[in-house]
Amino acid sequence: MDYRKSAAPVTTITRNLDLMTRGTGNIYETVIIVSRRANQISVEMKQELNKKLEEFASYSDNLEEVFENREQIEISKYYERLPKPTLIALQELEEGKIFYRNPENQNRPK
1 MDYRKSAAPV TTITRNLDLM TRGTGNIYET VIIVSRRANQ ISVEMKQELN KKLEEFASYS
61 DNLEEVFENR EQIEISKYYE RLPKPTLIAL QELEEGKIFY RNPENQNRPK
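Under the working numbering, read the sequence shown as residues 1 to 110, first letter to last.
Just so you know, these hints were derived from the structure itself, not from any lab. All clues stand as given, with none of them false.
BS3-like cross-link-like pairs, simulated, lysine-lysine; straight-line CA separation at most 25 Å:
#	residue 1	residue 2
1	Lys46	Lys84
2	Lys46	Lys97
3	Lys51	Lys5
4	Lys5	Lys46
5	Lys46	Lys77
6	Lys52	Lys5
7	Lys77	Lys52
8	Lys77	Lys5
9	Lys5	Lys97
Pairwise CB distance ranges, derived in the manner of DEER restraints:
#	residue 1	residue 2	range
10	Asn16	Leu53	36 to 44 Å
11	Phe56	Arg22	41 to 49 Å
12	Asp2	Phe99	14 to 22 Å
13	Asn102	Asn69	42 to 50 Å
14	Thr21	Ala57	43 to 51 Å
15	Tyr79	Ser35	18 to 26 Å
16	Ile73	Val43	21 to 29 Å
17	Ile73	Gly25	44 to 52 Å
18	Glu95	Glu54	28 to 36 Å
19	Gln72	Val31	30 to 38 Å
20	Asp18	Gln72	42 to 50 Å
Model, not experiment: these values are computed from the prediction. Even glycine gets a Cβ: it sits at the ideal position worked out from N, Cα and C.
Input sequences plus hints: build the corresponding full structure.
Below is the structure:
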């Protein structure tokens, strides 16, 4: 997923709990769903950042030498300005883009 094009806010905003719990009926279950999705997003973003920073990596034998590469700094700053994974996950939940299921609810008689 391209997180750069996400409509998620960069700062925390007030959310309507009724809308958030519409699918689950339980705020705690909703929080678990959002937190798991946020962890997935965080891992993906970290892998993408590491992949981009690896291009600039210089492997030298001297540990005392520290190279500051302008491109690395700019890439890192760019990723710091992106919305946080939790905010992206909440936006996805509001837009109905998160698929989830609870095995306990599927086995119960109706």
